[in-house]
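Same order as they appear, the protein sequences are chains A and B.
The numbering used here applies: residue 1 is where the first sequence begins, and numbers increase by one.
The numbering used here applies: residue 527 is where the second sequence begins, and numbers increase by one.
Where hints are given, some of them may not hold.
Output of the computed footprint for chain B on chain A, the stretches with three or more beta carbons under 8 Å from beta carbons of chain B [claimed, not checked]:
(1) 182-191
(2) 203-211
(3) 224-238
(4) 465-475
(5) 494-505
Hint data in this document are derived by calculation from the structure and do not stem from the laboratory.
None of these values were measured; they are calculated from a predicted model.
Don't be surprised by glycine CBs; every beta carbon is placed ideally from N, CA and C.
Number of protein chains: 2
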Amino acid sequence: MTQKKNKQTTPPRRQFLEQLGGIGGSAAVYQAMVAMGLLVPGDSKAATNKANWQEKAALFASGPKPSVAVLGAGIAGLCVAYELKKAGFPVTVIEPRDRPGGRSHTLRAGSVLQETDSQQVCGFASGEDMYFNAGPARISQHHANLLNYCSELNVPLQAFVNDNRGAYIHSASAFGGKPVRAREVIAAMRGNISQLLAKSLNAGALDDEFTAGERAFVLAVLKDHGALNDFFQFTGTTRGGLAARSGGLSPDVPATPLERNDVMLDANIAFVPSFVESYNQAATMMQPVGGMDRIAYAFAEQLQAEIFYGAEVSGIFRTGTGVRIEGRTATEQGALETDYVVVTIPPSVLRDIPNDFSPGIQTAIEQTQYANPTKIAFQSPRFWEKEEQIYGGISWTDSDILQIWYPSGGFGQDQGILVGSYLFGGGNATNFGNLSPSARIELALTAGEKVHSQYRANLSQGISVAWSKVPYSLGGWATSNPSPLLLEPDGPFLFAGDHLTYLRGWQEGAVISALNALSKLADAAT
Amino acid sequence: MTQKKNKQTTPPRRQFLEQLGGIGGSAAVYQAMVAMGLLVPGDSKAATNKANWQEKAALFASGPKPSVAVLGAGIAGLCVAYELKKAGFPVTVIEPRDRPGGRSHTLRAGSVLQETDSQQVCGFASGEDMYFNAGPARISQHHANLLNYCSELNVPLQAFVNDNRGAYIHSASAFGGKPVRAREVIAAMRGNISQLLAKSLNAGALDDEFTAGERAFVLAVLKDHGALNDFFQFTGTTRGGLAARSGGLSPDVPATPLERNDVMLDANIAFVPSFVESYNQAATMMQPVGGMDRIAYAFAEQLQAEIFYGAEVSGIFRTGTGVRIEGRTATEQGALETDYVVVTIPPSVLRDIPNDFSPGIQTAIEQTQYANPTKIAFQSPRFWEKEEQIYGGISWTDSDILQIWYPSGGFGQDQGILVGSYLFGGGNATNFGNLSPSARIELALTAGEKVHSQYRANLSQGISVAWSKVPYSLGGWATSNPSPLLLEPDGPFLFAGDHLTYLRGWQEGAVISALNALSKLADAAT
């Protein structure tokens, strides 16, 4: 909470909290934050962890401080190292890749995507908006801990369009197999649900729920909710779109609504509009301008002397007073001894690195299960904007590709990067990942042209990722619940990473885990 | 469709259309566009008007062309003049203000807001995102004609957050008078509606609608739609937010849902989530980066020799062969004679300018009714982002201010511009407009602090607009239906402006009207 003193204005509340932090300790700060409504539900432990870290780290003042190794320069490791350096702790980050960010990998012209059995070089044209976030690609507005760092590190953000009523929903078994606009599905679903409930109310089926007086109010709500007519019937609404040749110079005429049974009998269709209702997916979603890795690079810029790239960890052992990290670069082997280590290497990789963690920790790491998400992206003229009036958002299809993402940046430009498929995991993702890069392109084009007939004539430079095959990641995110053991120090060993949290796969989870490690480190060292 | 030849890539379809335009005329182009799905419902006439204008304008080739005066440098006038100049027609734009854009007025540091009885100077700090769109502030993704010009004129666009589930809904008569998050209201509304309908289904109240087999599918849809439990009951969902101290390092626990009767018996509450379902308000919405007037200035940059600012029209008369425009600047009077005039002056002002329009036209202008919208904006540290996790969007309140808008640009910066009220018209807007600028500030602070307790400590530099009191506008937008008479030439007189369309108050309406005027002008002149 105290990192922005060089900025123009400090809001009065923050000043107050800084004063409290100086005199009352973290508990007083926490209670004040709760009283002022400053704590986000779900982030309460992160806030107290951050306060505890800052308070205890300050106790070291200018005296000697324990040395810390951080294994991995993903978001968790970067956050830990950044805070340690800011507090004056000697810190060394060991990162096997040649870049920061880990799974937060943004591909642009010339980027290399390495898998265990293939290597792809990104052939996109250059341009600020010509990127593909191969890993995390969205930030929820209540991911406050991550967003605080974006603000602190001056990472410009823009809205990420997660919910676009002009995007398509496509199902082989509904709407005659033709893609329809999300607005059509949502309008028809709300309309039919409202009409059916109004009918039940008027038939007396819910007289035990509402009085006659209340019923009139409920009917008024349903009329608005579903865009019903005066007889509480759904006969179409301009919410679902306009009929051809209406609107503009002529009065608006609602498009013919979708068939009731297409929207009311298929839970797969109903899932799509519900997806963006979920807590972590609902508006407002955001992204850094120019690519998700801007966050990782902003951290790394503060750690230029501290991060060793291209160094792979080959052993993590106790020394009695601290830890010994063994490792190798392409040309040499070496070891580093520090007082503590914060291990952010994902369990999918960590389980194969020799270590003398406690048996419970080893078991927790061994048992962590992983999702195997896949993605593919293409460069293309923005036909979806100019010909189909789709600006950002996601089309869904029940075919092998599941999703098509339209870019949320660079609206109106000629060229853009289209995500041609995003599979969260499961069998389709396994199949996709098992294909060669060129076969993945063919699969994405074949499935995608059922949604957009312009596909083959426009898409090029396909590049894909199967996270289970990416060295040093070997998976997308943990699917098993986090082990509480990893939240506590195991002697000189501490752990961090989104897999320690219930925000698995989210960068906010990585930051929350980092703040936990810092707090526990401070407790252990003081 | 032919304006982008200097751009990098021309999609194949466009090339095809250009070829068709060369050999088959606009009807062939139109039919081809329909067949290819390139026409937006609602814009079909705009597309044919644009094609007709381009085809007929080309017939003049390098020969003499009729001269045209354009009255008003708002979006309609700018669009007409831009196309005329591009086709080589002599054009003169007369604009009484010292800037282009008309109602598309963006206020920044030093901007002057003139009303009939007051003048305000904007005291905001400087910065790209430190602006207030006093007029239009959002663009729908299907406003394709306006967006085509944004692309053609290289106006960068970004997503405008119209729907934010973290913004507040505040009603004196619901939720104990406390502001609640939109996500809470929406989750409770979907949950209760789904539960009630499931109960009706299970009670047999809708057996005439669905077979027993279908009923199971409908129930599955409702379970997903409302986030119901396995017994089809709504007991809360994380869609509505998390309970305090859950999430992150701990499992997610749903927040206690809002009371059923607060969301099911009040159509005013139900209206808010429905607002962003409407065709012109649903995602994706957009805005130019840096302020809405970037569009007007991009047009005006192409018309530097053609626009005469500070010149007020005092008469519009026929000459027998064309028109005579009488006018005055601050220092002199003058007249201009041209073959045609395109009048974009709003009826609220035009009705008082001497003219010899046909009686039917005069009556249509006289009878046009106007909304009197008001807005106010403040500079403030972004407490809504850092303390309340609100990034963009709109909070609604049943108090005198109706809406609070959070900026969609500059996320994470220290300072931002908050719209403290937007009233579309009616009694509240009349009352607001009748207040002095300082009294409006006090009203906005008093009402707004019921939603945000931080208001008074943070907000400054309040600046407001009552469009009915702005010279040369005298109103926000037409509320009466457009007269078809204004779409046709009245001898040498043609008309344009959003008031000619069913997109009243939208810049897309202005552009559509401009394309109509151009088409009719081309018909008359060839």
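So, going through the hints one by one against the coordinates:
no., hint, verdict
1, 182-191, "holds (count 5)"
2, 203-211, "holds (count 4)"
3, 224-238, "holds (count 4)"
4, 465-475, "violated (count 0)"
5, 494-505, "holds (count 4)"
Comparing the model with each earlier hint shows a violation of hint 4 alone; every other hint is respected.
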